[in-house]
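> Based on these hints, arrange chain B on the given structure of chain A.
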Amino acid sequence: MAPRFEYAQASEIRDAFARHGVRYLFIGKSGAILLGYPDTTQDADLFMEKGSENGAAAVIALRDLGFSLSEPQAEEIRRGKDFVQLRSGPFDVDLVFAPDGIETFAGAWQRRVEVEGFPVCHLDDIIASKKAANRVKDRESLPRLMAFREYWLTHRR
Amino acid sequence: MCQPSDRLKIPAMEAGGIREPDPEELREWQAEFEAAARRPLATRLRYAFIHTYKPVLDDAPFRAFDTMADYREWCAKNLPSWLGYGPAV
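Heads up: the protein sequence lines correspond to chains A and B, in order. Per the working numbering, residue 309 is the first one in the first sequence, and the count goes up by one each step. Per the working numbering, residue 42 is the first one in the second sequence, and the count goes up by one each step.
Looking at chain A on its own, in the form it has when it is part of the complex:
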């Protein structure tokens, strides 16, 4: 079982990805939690910019972080498969190269929110992706997340 994911691990992602110039955003519930949403989740979801250069940088950063990646696996990340699930490292991470409900990484990047150096999708993008994914667990979490959006928009500093 992967060790706990805490501030230290989030910082390691932030720092390793910054070191290697990886373009990414926290998304999903982990992103919402960074924005202040009180809830629990099991892993970190990262929205990655698609492109061989960014994929190659991500592979180097992930290996730096301790993820064990075979060469064929690394190649799938470099190619930017739409969804990559990693359970081979110090914590669990999902890499999402084409999240449902968000048209482009560039647009999401423009709308991003920085929280202590963590690049996070705007809550509207997080909500849009959950609506579009339309899984049972998304449907259950959306009312509270949408209520948080209203709170966050009026209280964010």
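Keep in mind that the hints were calculated from the coordinates and are not lab data. Note that CB positions come from ideal geometry on N, CA and C, so glycine has one too. Hints may be right or wrong, so weigh each one.
Claimed, not checked - Here are a few chain A residues that sit away from chain B, every Cβ distance over 12 Å (derived from the structure):
no., residue
1, Ala326
2, Arg327
3, His328
4, Thr349
5, Glu361
6, Gly415
To be verified - Partial pick of chain B residues on the chain A-facing surface, computed with a CB cut under 7 Å:
no., residue
7, Ile59
8, Pro62
9, Glu65
10, Phe74
11, Arg79
12, Leu86
13, Thr108
14, Trp115
For chain B alone, kept in the frame of chain A given last:
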């Protein structure tokens, strides 16, 4: 006095089955949002990430899917429904 439920309004839920929370839920949620806002990020993260074993999903060190549709289809076919990864009906 302005009650939390008076202040916290959420937009009308679109068609598509997202349920409307009741006023008591909104009051509870607002209290939770306010409590969370008083905690530093490191504390929020400490209590936010809880790892529990998810059958099938956690049984492979690496999975990659060409498209999100492939991933969703795989989840619907292979994961226990109670994990909630299947499509909402």
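> Hint by hint, which ones does the structure fall short of?
Structure breaks hints 4, 9, 11, 14.
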